[in-house]
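Those protein sequence lines, which keep their order, are chains C and X. Okay, so the first sequence: first residue is 1 according to my numbering, each after it adds one. Okay, so the second sequence: first residue is 1 according to my numbering, each after it adds one.
The set of hints was computed from the structure by calculation and includes no laboratory data. Glycine included, C-beta positions come from ideal geometry on N, C-alpha and C. Any given hint could be a false lead.
As the list claims (entries may be wrong) - Pair by pair, the computed Cβ-Cβ distance ranges are:
1) Met-239(X) - Pro-14(C): 35 to 45 angstroms
2) Gly-72(X) - Pro-14(C): 35 to 45 angstroms
3) Asp-8(C) - Met-239(X): 28 to 38 angstroms
4) Met-1(C) - Asn-231(X): 25 to 35 angstroms
5) Trp-16(X) - Pro-14(C): 29 to 39 angstroms
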Amino acid sequence: MARLIYRDKSWELPGGMTIRDAIRKVGLDLEAVLPVRDGVLINEETILGDHDVIKLVAVVSGG
Amino acid sequence: MRHHRLSLCGEHLLPWVRAQVARAIRKYRMFGPDERVLVAVSGGKDSLTLWDILLDLGYQADGLYINLGIDGYSDASQAKAEAFAVGKPGARLRVVDVRGEYGASIPELARAHRGRKTCSLCGLVKRHIMNQAACEGGYAAIATGHNLDDEVAVLMQNTLRWSVGYLRRQAPVLPPEPGLARKVKPLCRVRERESAAFALVRGIDYIYDECPHAAGATTLFYKDILNQLENRSRGTKEMFYLNFLQAREQYDLFRAEREQVALHPCAHCGQPTTTPGLCAFCRLWVPPEQADDLASACGQADEDDE
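Extracted from the complex, chain C is given alone in its bound form (with noise of 0.2 angstroms):
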């Protein structure tokens, strides 16, 4: 299973979907997040591996 790990949230999902659905799947918004695996950005089609651990960076600030 990969992981997704968002602030002090994460979830656990099957390889073999986009980072893409994976990010809507688990319910947060495509515009306000930045896939990081590894320290390095991923693009939003790239494919889930199994056992992948995808930071989302959140981009939206309030000031």
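For chain C, the structure is supplied; the task is to place chain X on it using the hints.
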């Protein structure tokens, strides 16, 4: 770049964002290649991205960091700004410590002025210090890191309220007036997401945490709504903002509002103010009993004028 139906990798994202910024600077005539610019740096993604781009485009861009004295936030964000400046060739950073310079931090100031919103006080203090630093330093402009999403959120808020005065002043460039430096927003065509992606790809170490006072900010509420609209209809944010700018020019929307307000130099700091006597910033630092005396002596209205 989902709104452009492009999907850029890190290698191509950087020149694309730089080109957007360079185009905005030229299109809106923000400043010339030989002019000096003061970048308001918060330690966040947008201001550090902006500073990085301006330096790489060859502009003489110095940074100004204002330490607001917010526990658990200001020192950490200052450290990010300083670390960036140390690692970036040509980056010169000036730090102004509000408590050290004026005697109270923003939270302390807010406690002394109960009834005033912390973010409103903070904005007033930052605008004053930025303008002072720009004028004293002989800079052609103050550049802030407002991105497209910031601008669209404010536009939506002001439109829903029909705040004509604020709408009139919302522009990529606010021209200079005597004693007031020009203000420019070179990231106004760059989305928040692109600005963050730029910082990540460039390895810019910015502060992820929000200012604790931003929690529940109305800007976040409007950004969420706009992102929902954007997910339904790609390009909504650009269209709303750019069509606003175009309509304002084309139809001269705020002609009646453009009448000049008479400005006077503040009796203490000399910065322009709409009322005789002390400006709104200087009134913050006067004890309440003295402020009342000063206001009546000067015939001053009790309102913000900066």
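Right, here's what the structure says about each hint:
1. Met-239(X) - Pro-14(C): 35 to 45 angstroms: holds (38 angstroms)
2. Gly-72(X) - Pro-14(C): 35 to 45 angstroms: holds (39 angstroms)
3. Asp-8(C) - Met-239(X): 28 to 38 angstroms: holds (36 angstroms)
4. Met-1(C) - Asn-231(X): 25 to 35 angstroms: holds (27 angstroms)
5. Trp-16(X) - Pro-14(C): 29 to 39 angstroms: Since Trp-16(X) and Pro-14(C) have Cβ atoms about 33 angstroms apart, the given range 29 to 39 angstroms holds.
Figure legend: structure checked against the earlier numbered hints; every hint is met.
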